[in-house]
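S.K.: Residue strings, one per chain:
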Amino acid sequence: VKRFEITAQAIDLEAFRALLISQSCGACVQFEGWVRDHNEGQKVLRLEYEVYAPLAVKEGNRILDQAMERFGVENACAVHRSGLMELSEVAVLVGVSSPHRGAAFDACRYIIDQAKLRLPIWKKEHYESGEAEWVNCRHCYAAGDHHHIG
Amino acid sequence: MIKISVRYFAAFREATGIESETLETPAQTPAELFSECITLHGSLRSRTASLVAINDEMADWETPLNDGDEVLFFPPVAGG
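Chains as they are written, first to last, in the working numbering: chain A, 1 to 150; chain B, 1001 to 1080.
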């Protein structure tokens, strides 16, 4: 099974795990990315993901294909949330199953690392100070226009 | 001159204040096009660590542009 999804709904962990079950697999590795309450010294209250879904889905499937080919795992799935999220919610879920654990660990790590680098997804953090900022983008716009962001 | 549709995402959209525009441009690559967009929009500054797509496929900053292309400017991504 190979499945990549973007969803605005809470991720169903049990249904996701069920996708990975296979009698020929002896190992399943899953990674959950959670919404954390701090970043770079600022207290984060909630966050918001903007996703360009047409390309995120295409590129996400490509990453899963590459992981399956490279590590020989049998099943590889991933789900990423879009929209507004509260603390401790699951923002991203990656799961891999394979006959043996080594390939499953490696493929899972590969998928989450590539997803962070390649998917057209942006994170805006809302801070306790009342400000909000796009992560990694401080250099993208002129400082004087900072008040537009938020 | 070629006609290009440009779409801005996330921080780029908020910096320019628009989601998209159509430009008649001499630009031959996304890199040249982005420089032109910086001169059009004062608050747009740098494409460092940013990505670009053409017609819904990931592309390179030096990929040649063709008349009618839709160019998507993606500020630094932060999924996960």
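For the record, the hints were derived by calculation from the structure and aren't laboratory data.
It cannot be assumed that every hint is accurate.
Stated by the list, open to error - Taking beta-carbon pairs under 8 Å as the criterion, some of the chain A residues facing chain B (in silico):
no.: 1; residue: GLY33
no.: 2; residue: GLU50
no.: 3; residue: TYR52
no.: 4; residue: GLU59
no.: 5; residue: GLN66
no.: 6; residue: MET68
no.: 7; residue: GLY72
no.: 8; residue: VAL92
no.: 9; residue: ALA115
no.: 10; residue: LEU119
no.: 11; residue: ILE121
no.: 12; residue: TRP122
no.: 13; residue: LYS123
no.: 14; residue: CYS137
no.: 15; residue: TYR141
Idealized CB from N, CA, C, for every residue including glycine.
S.K.: Could you tell me which of the hints above the structure violates, numbers in ascending order?
M.R.: As far as the earlier hints go, 5, 6, 7 are violated by this structure, in ascending order.
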